[in-house]
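Engineer: For reference, the chains in residue letters:
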Amino acid sequence: KQEVTQIPAALSVPEGENLVLNCSFTDSAIYNLQWFRQDPGKGLTSLLLIQSSQREQTSGRLNASLDKSSGRSTLYIAASQPGDSATYLCAVDGINNNDMRFGAGTRLTVKP
Amino acid sequence: DAGVIQSPRHEVTEMGQEVTLRCKPISGHNSLFWYRQTMMRGLELLIYFNNNVPIDDSGMPEDRFSAKMPNASFSTLKIQPSEPRDSAVYFCASSKDSPNTGELFFGEGSRLTVL
Chain S
1 KQEVTQIPAA LSVPEGENLV LNCSFTDSAI YNLQWFRQDP GKGLTSLLLI QSSQREQTSG
61 RLNASLDKSS GRSTLYIAAS QPGDSATYLC AVDGINNNDM RFGAGTRLTV KP
Chain Y
1001 DAGVIQSPRH EVTEMGQEVT LRCKPISGHN SLFWYRQTMM RGLELLIYFN NNVPIDDSGM
1061 PEDRFSAKMP NASFSTLKIQ PSEPRDSAVY FCASSKDSPN TGELFFGEGS RLTVL
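Sequence lines, in order, name chains S and Y.
Per this note's numbering, the very first residue in the first sequence carries number 1; after that it's consecutive.
Per this note's numbering, the very first residue in the second sequence carries number 1001; after that it's consecutive.
Please keep in mind that the hints were generated in silico from the structure rather than gathered at the bench.
In this text, all values refer to a predicted model and were calculated from it rather than measured experimentally.
Incorrect hints may appear among the rest.
As the list claims (entries may be wrong) - Distance condition first, Cα-Cα at most 27 Å in a straight line; then the derived DSSO-like pairs of lysine-lysine: (1) S:K1 / S:K68; (2) S:K42 / Y:K1078; (3) Y:K1078 / Y:K1096; (4) Y:K1024 / S:K1.
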């Protein structure tokens, strides 16, 4: 059974810092991995989708990497801003299950 | 496109009442998912449809929950009778690709409170 873990559960950094969020998964047989952002009281917003054949994806200040063999993905946020404060979730679309499995998320606070 | 549209955004009801949540997926998407989010359990998949057909409903908690997708642009999740432990945020999501999930797009959610 695919299990997805995100560490740390919460992170607080000063504005301007570069930071890395981690996601690990137990079954490397995946179609893709997706990173989402969730603001309080809101739905999930897709940030980046990495196909299993890809190593990384970039969008603006965000860079997501995927190491399928080791079951790891990282989300790198450059030059963090207070507006980046949110919960970040990763989700894995596994070949051996019918749905995307979500991690519990990392709650990020960027202090001005 | 307006994105995935859910209604109502908030619902407060009393135990034993019927609750119906609604979802309109993004036009052209052929897969639709219902998720439930709570602090204790995070995001859980309840059921998903592909081309309007339920594919996996193993996440539906019990017989009190039912879901339908009568056409490609509409789905409902019904709880009857509702209980306080059903209080959660219910999300609908859709995607374009099959059999893999592809990029998943979420609605804003329906926050349900059962008193």
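Engineer: All the hints need checking, so say for each whether the structure fits it.
Structural biologist: Here is what the structure says about each hint:
1. Note on K1 of chain S and K68 of chain S: the hinted pairing holds, with a Cα-Cα distance of about 16 Å set against a maximum of 27 Å.
2. For the proposed pair K42 of chain S and K1078 of chain Y, the alpha carbon gap of about 22 Å is at most 27 Å, so the pair holds.
3. Simply put, K1078 of chain Y and K1096 of chain Y have alpha-carbon atoms about 24 Å apart, close enough for the 27 Å limit, and the pair holds.
4. Between K1024 of chain Y and K1 of chain S the CA atoms are separated by roughly 31 Å; this puts the pair beyond 27 Å, and the hint is violated.
Checked against the numbered hints listed earlier, the structure breaks hint 4 alone; every other hint is satisfied.
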